[in-house]
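Engineer: Spelled out from the first residue to the last, the chains are:
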Amino acid sequence: MRRRDFIRGSAAGLAALAAPRVVLAQANRVLRYKPNNDLTVIDPIYTSVFVTRYHANAVFDTLYGQDNNLNPHPQMVEGHVIENDDRLWRLKLRDGLKFHDGERVLARDAVASIRRWARADAFGQALMAATDELDAPSDNEIRFRLSRPFPLLPAALGKSSTFVPAIMPERLAKADITRPLTEAVGSGPYRFVASERVIGQRTVYEKFADYVPRPDGRSEYTSGPKIAYIDRVEWRVIPDQATAAAALRKGEIDWFEDPISDLLPMLRGDPGIVVETINKLGNMGIVRFNHLLAPFDNPQIRRAAARAVSQTEMMQAVAGDTWSDDVGFFCPESPMASTAGLPIAAKEPDYAAIKRELAQAGYKGETITLLGAPQSPGIQLEAEILNDQLRRAGMNVDFVLLDFGNWLQRRNNREAPERGGWNALTTFLPGQELWDPAGHLGLRGNKLAAWSGWPDSPKLEALRDAWFAAGTEDARRAICRDMQLQAIEDVPYVPSGRWTAATAYRKGLTNVSRYIPLFYNLKLA
Amino acid sequence: MPMPLLGYLIRRIAATIPVMVVVALFVFSLLYIAPGDPASIIAGDQASPAEIERIRQSLGLDRPFLIRFAEWSWQILHADLGTSIFSGLPVSSLIAQRLEPTFSLMGLTIVIAVTVAVPVGVVAAWRAGTMIDRAIMLFAVFGFSVPVFVVGYGLAYLFAVRLEWFPVQGYSPIAGGFREWLKGISLPALTLSFSYIALIARVTRATMLEVLNQDFIRTARAKGLGEGAVLFTHALKNAAVPIVTVIGLGIALLIGGAVVTESVFSIPGLGRLTVDAILQRDYPVLQAVVLLFSFIFVLVNLAVDLVYILVDPRVRL
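In the order they appear, the protein sequences are chains U and G.
The opening residue of the first sequence carries number 3 in my numbering; numbering runs sequentially from there.
The opening residue of the second sequence carries number 160 in my numbering; numbering runs sequentially from there.
Next up, chain U with everything else stripped away, as it sits in the complex (with noise of 0.2 Å):
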């Protein structure tokens, strides 16, 4: 080849290279959109990490699903009759309900994904605990006898939090819970197509063509007829925050769920991108003090150490703008809040006041092993304004720093700090979780099967029971009230303050869901 000839070769190929793609007419809507992580488990009840929450609420569906206030609605069941004093739950399922595998949702579907759910999850343990018997006398007949009325049946089996109660097929519902399940099988608008699965690249989702949406009510959150007006949702896992940035402003992906404050104001600043907070219920900030060690073992101390927790210091290195302090154990927007016992810290506390405090409380310089977690700049940040307050109040404190994997597994070593133990951490929720106390982690006082803290609150545990069992929603809210109180009194834990997320997505993309991705009655233009 001559050398002239190379050169007008590498040329031809270079701008064929650089040539616009060409763009085939398609049918076929599809969304490309970025989660905020890789799907690793598809199994709804083996992992509470997010992702999976989402996959969850793509491919299963639920018996209750939840309006945008998270009241429970009938979602695969056409209604249900109570009877005998409360003790009798008869359901029914709707008609037409298939599986992805081409199956009739049968009742007997649902009892198996019910028992394995509750085996997982704490509003399901709590229904369980007052059901005497759970069956399926028909196809379409799900039959709760209960011990004792659970009013709050339907918005256990609705709920959208972790753990989705998913309906599966019962071969798979029956399966060992020890081990993932690797294959999804739901009933939901979506199909998981695992041919295409490439792990850490991409997920990918078709539109399940059997679905049969709710013919009535409205479409809010997981209620209501759930359309699949996309008919492939592919995750593209982009690692790199600004690299997923590039590519939402290039247009290779449609949504980018989980960009860094730092990348707002150039997303921000595209014409042709919409920046917003949809889950406007946010992270609820958390201080956890180990209740097993001393100090933290001594309600005194816990007391005066979180009047040093400014959540407004907090909150203004975590979040910037979007955020708000003085909140209490329930996320502020749900019935259950109240302003009791608020604000548990001067938005500017007088350390000098809490160092004495902390002396007579019997706190004599020990040692406070803090654990940070620089991966999680949510935790890390936390920890960091933690360790100036506890310092300012005058506690001795060792702040450690670990890989997320390292912290995880230390925060769950109750030994002392010597032996891989901690004192104090900090760490976040969702707001939807502290909803109300069904599925409040922080809030369980039930020692060393509670949450890592491993608090022993009998009190916090029979409010909690309490609440399960009273009958309406007034009941309900007086009972938050005082766990609020009883929690100011115990301190399982020190609320640190709320703040939201934005989320980016490409104009042309409307009825983007509240809270969490849903790809169901979602458009793209």
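Everything labelled a hint here was simulated from the structure, so no lab data went into it.
You may find that some hints are simply not true.
What the hints assert, rightly or not - From chain G, some residues computed to sit far from chain U (all C-beta separations above 10 Å):
#	residue
1	330
2	384
3	388
4	400
5	427
Claimed, not checked - Across the chosen pairs, the derived CB separations fall in these ranges:
#	chain 1	residue 1	chain 2	residue 2	range
6	G	212	U	94	36 to 44 Å
7	G	262	U	92	57 to 65 Å
8	G	177	U	322	55 to 63 Å
9	G	188	U	296	34 to 42 Å
10	G	181	U	38	46 to 54 Å
11	G	188	U	271	45 to 53 Å
12	G	165	U	379	53 to 61 Å
Since the model is a prediction, treat every value here as computed from it, not as a measurement.
Glycine included, each C-beta is placed from N, C-alpha and C at the ideal position.
Please arrange chain G on chain U, whose structure you already have, making use of the hints.
Structural biologist: Only chain G this time, still in chain U's reference frame:
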């Protein structure tokens, strides 16, 4: 194939077995003593102690080291790399999915680097001390000094975002069309080749400078050979052994660089699989990938030794 060469090959391949055994034991022990609990990571931040314990038991993480090592070794001996703790999928399929992107990236990087770096290094030596030489060496220092991710962001901004010649991220399999494959892999390969070009160009220049001062080069010029023939036929051939060595050793650098490049350009390759496995403590995946990398490295060294024979007849087995 001549008998001595065949015998040499068999001996070298057999010698990889003890190396692999030591690597396997080392990796397994390291992961065992390293802190971190896959059960806690799988369960997620909102898991209760009971859920974490349920997962830990289901994974067999509560069993003694020797039993776990024996089981894993037995699996490996039966060509079974195990199952990912997280996805529940066979490790062999996870690796198989990642081979093509990584080999594409590394292969194209080597092609670009060798094609650019060797002639550039030769020219720098030929024009030693001139502006051309200084410019080339300035580029080489730049290539060494600038981190891979900075080069990646810079190229992506220029060629993908501004000029829109290439996609910002993603990988198109070669089965989906050569053009799309090349378009997708070009920027990552250019990014990764930067430091590799710098390394090879510097070594080529240094080796060529040494060779160009030798008597046989003066003789070649004296007998009237053109500069091209002197440089590329006589000098480069005699300078080839160190250059081939550095190309081989550089593959280890590429593996490290591929981790960053794959993350910046969102390529689902072995590098990202490794990082994800480390962060998640997905032991079966990590053990298998490290074994694979060590095997590749041993093979590359073997290939380099064989190339010595081709480029330098003085090398005997």
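Engineer: Quick check: which numbered hints come out false for this structure?
Structural biologist: 1, 5, 10
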